[in-house]
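Participant: Okay, here's what each chain looks like letter by letter:
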Amino acid sequence: EAGVAQSPRYKIIEKRQSVAFWCNPISGHATLYWYQQILGQGPKLLIQFQNNGVVDDSQLPKDRFSAERLKGVDSTLKIQPAKLEDSAVYLCASSLLTGQGASPLHFGNGTRLTVT
Amino acid sequence: GENVEQHPSTLSVQEGDSAVIKCTYSDSASNYFPWYKQELGKRPQLIIDIRSNVGEKKDQRIAVTLNKTAKHFSLHITETQPEDSAVYFCAAPPGQGSNDYKLSFGAGTTVTVRA
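Line order of the protein sequences matches chains R and S.
Okay, so the first sequence: first residue is 1 according to the working numbering, each after it adds one.
Okay, so the second sequence: first residue is 1 according to the working numbering, each after it adds one.
Bound conformation, chain R alone:
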């Protein structure tokens, strides 16, 4: 089974610039998540999709962050404009929709963003 694919692996930008991250989940996984992991902390959920609809984006800073999952498969996360505090690893994860509640998350390798 192919894992969750993310690109790029690393990105360095200056503050106020924009950046986009891409994620391809495991085939058949209806639920897709974007997490932000600041160094030394646990992952924090930014947005959760089920198929191509948003389930939860309560912690997404909507003034600068946006995400979409067109066609219910791949997803992109965008930051515009970036701030220094956005420096983090952005993890994409996917899981099966079992109808029985939470199921294991499968994470991608993440994109390490550095904002200078």
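There could be a bad hint or two in this list.
Unchecked claim - Simulated restraints, written as ranges between beta carbons of each label pair:
(1) S:V20 / R:K83: 34 to 42 Å
(2) R:K15 / S:S9: 26 to 34 Å
(3) R:R9 / S:A115: 26 to 34 Å
(4) R:E68 / S:E56: 37 to 45 Å
(5) S:R51 / R:V55: 18 to 26 Å
(6) R:G53 / S:A115: 48 to 56 Å
(7) S:N67 / R:K71: 42 to 50 Å
(8) R:R16 / S:G55: 50 to 58 Å
Said to hold, decoys possible - Mimicking DSSO-like on lysine-lysine, the simulated pairs with C-alpha atoms at most 30 Å apart in a straight line are:
(9) R:K62 / S:K42
(10) R:K44 / S:K22
(11) S:K42 / R:K71
(12) R:K11 / S:K42
(13) S:K37 / R:K78
(14) S:K42 / R:K44
(15) R:K11 / S:K37
(16) R:K44 / S:K57
(17) R:K83 / R:K62
(18) S:K71 / R:K44
(19) R:K44 / S:K58
(20) R:K11 / R:K44
(21) R:K44 / R:K78
(22) R:K78 / S:K42
(23) S:K57 / S:K71
(24) S:K57 / S:K37
(25) S:K22 / S:K57
(26) R:K83 / S:K42
(27) S:K71 / S:K58
(28) R:K44 / S:K37
(29) R:K62 / R:K15
(30) R:K11 / R:K62
(31) S:K42 / R:K15
(32) S:K68 / R:K44
Source of the hints: derived by calculation from the structure; they are not laboratory data.
Think of the CB as a built atom: it goes at the ideal place given N, C-alpha and C, for glycine as much as any other residue.
Since chain R is already given, all that's left is putting chain S on it; use the hints.
Facilitator: For chain S alone, coordinates are given in the frame of chain R:
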């Protein structure tokens, strides 16, 4: 949302000894409790999980115990080896009736196994 607290933040053990990490959660209706291991520079990987209908689950040298009354669950690693050195995260979803696919993670425990 779910509030997950994890202790300790760092743990150093002698090779061969046991390591125990504890997490508490706030929503008594939470029903799924996974543990993830993250090695330096790598992605978090699920190592074990437990659902609320059982009190303990074991997989070789790792086990998870759940105390629903006290709202805490623990990871136990026995006979620790150098390759167990990593950051471990617990997680829990909110209770039934809400978005129970949304996991909240603890802050992590850095485990160092001394040779």
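Participant: Could you tell me which of the hints above the structure violates, numbers in ascending order?
Facilitator: Failing hints: none at all.
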